[in-house]
Amino acid sequence: MIINDLTIIFGLSIVILYLCHRLHIPIIVGFLVTGILVGPHGYGFIDAVEEVEVLAEMGIVLLLFTIGVELSIKDLWKIKRAVVFGGSIQVLLTIIAVFFIANYLGYGIGESIFIGFLFSLSSTAIVLKLLQKRGELQAPHGRFSLAVLLYQDVIVVPMILITPFLAGAGSMSDAAFIPIIAKGLGLILLVFASAKWIVPQVLFQITKTRDSELFFLSIIVICLSVAWLTSSLGLSLALGAFLAGLIISESEYSHQALSNLIPFRDIFMSFFFISIGMLLDLGYFFNDPVLFILVAVCVLMLKSVIAGMSSYLLGFPLHTAVMAGLGLAQVGEFAFVLSTFGVEFGLLTDDVYQLFLVVSILTMAVTSSVMSLSPKVADKIVNLPIPSKMKCGFHSRKMMPVLDKKDHLEDHLIIAGFGFNGRTVAKAATVAGIPYLILDTNPETVRKEQLKGELIYYGDSSQQGVLEHADIKDARVMVVCISDPAGTRRAIALARKMNPNIHIIARTQYLQEMEPLYELGANEVIPEEFETSIEIFVRLMKRYLIPKDEIEKFISEIRSDGYEMFRTMSGSMNIYDMEFDLPEMDITNLRVRASSFAVGKNLLQLDLRKKYSVTLLAIRRGSDIIANPDADLVLVSGDVLVLMGSPEMISKVAPLFVGGDI
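According to my numbering, the stretch in the sequence shown is residues 1 to 662, in order.
All the given hints hold, so there is nothing to weed out.
The calculated label-pair distances, taken between Cβ atoms and stated as ranges, are:
1) Y518 with I162: 50 to 58 Å
2) E51 with I101: 36 to 44 Å
3) M390 with Q132: 28 to 36 Å
4) D474 with D266: 50 to 58 Å
5) E648 with P263: 37 to 45 Å
6) Y518 with V431: 22 to 30 Å
PhoX-like mimics (lysine-lysine), calculated; alpha carbons at most 25 Å apart, straight line:
7) K380 with K497
8) K427 with K452
9) K611 with K601
10) K80 with K196
11) K196 with K208
12) K652 with K611
13) K427 with K473
If you are wondering where the hints come from, they were derived from the structure by calculation, not from laboratory data. Values in this document were obtained by computation on a predicted structure and should not be read as measured data. For each residue, glycine too, the CB sits at the ideal point set by N, CA and C.
Throw the hints in and build the complete structure from the sequences for me.
Rendered as structure tokens:
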């Protein structure tokens, strides 16, 4: 029975995924291992192999659909250069390199190109999760990795379409292309019309019912119907699902649709990876494990070099390029999706498919370790005797600061990183008349800000040559606003070494990063995590009516103590020590309506405190605030009253002001 097989699959998955979590191995690898164990080449625990494959196909459809929903043209446009150029360079160079290697080994042209397709893709799920966990998603290598992964997620759709032609299943003649082009244009028109007029109107009528089940079913029907349409036209289900996602993405219902679908997508995708694992024959691996490991190492090295080169050619410094390359070195989950089409059209023999599966799983399994080692590897490469200009991005070398004697700065501020924090510091320095110089590794930012007149230069502030050009030895203060934690540590250590007297202020995301930065030489460390929490805490204390001077004193003590108080604070410190306690009290604003009983009455006539135990704290009349109003003050329509009292009594007094007597 299928229920027995599903119970075995999910039960074993729980155990394996728990072990993967403990060993810091990606969960995708866990699902693949589950498939290996339960499949026909493993222990053969399940019989419903065909049913699992059907569920796996549904997983592919939902995966492509959610990617279409998540794809925001506006977001892509913001990083268009990195997406288009960075992604194109990485994918194209990988395909070319793998093509020549495979062709040299005796594979045909179509097979070699398809193998290049497979190995050009990296794992979006694994890489983005690790970058987010490490707090590096906004770092230069994180942003580049995101751009390339987005490009790969989109380019897999044209790869699927090209696959039949690589296999010779589709004719390459002009006559054969005409109906395909016609179908493609028809689908584009359908997507445009559906996204613009049809789907928004349909979903609007559906959402008016406020029935979540009806909305969910409507989304599923849209997904499956477009997928069925493309399949009936001779195209793939996956393409239809992707187009259906694009249709939904342009509506205001995309976020709700995505949140409804993600749990189902994850469940069906688990079947997909399990089904892939079921196809893997471990006998191939154990026949020659050294060969498979060597091939996996070669794939990691080749992809690291090509992805790093793509980053370098785009203008990122060498250190960023190395980290980005190592992060994108694995084979991704979309390669598994694509490989099923290769098997279907005969582009992958059984031996090659088994080799691909083993190598892909090995590269995915070591991704976490490779990314953890990437900062150290990048440091070692950058510290090699390489000319300083070679350590900068390829087309950005001309942006290296070359400051002659008349440009020499003294007693100035160096701002490392020109994101939100860097811009804020620069504005403050401008207002205060403090001379400053900015260093940033984003060539587009440098170019734009130079045109605006900012003294900004392209350069990695963790490189000695760059800091020398920035006159680090004569600078008074350096503010480090880099999103990359590893880059922040390197910049602080180098700045302290080059100028023992400079005052270094660093921004970091998390409290646990403070101590290492102090040890490296930072004078002050501002943790964003703390500043966010302290703002919440201030508003909380205001809500509990803690006096303003006590709040300010408390915050001042925390900051003057280098935040140590906040990190070690226990229950012994209690500023909410209320002799001043106001139990069950609330502060509410009420507007006096034109038809209300209170209009034309003075406060003595209303006698709020005696009759209702409610205190009037202030009145806002237009743009004026009347604090502690006199008893003879007459209320007029539009006055906003600030009242303090119990919720029960305020509800009783409210009709006086909003319309009618009590």
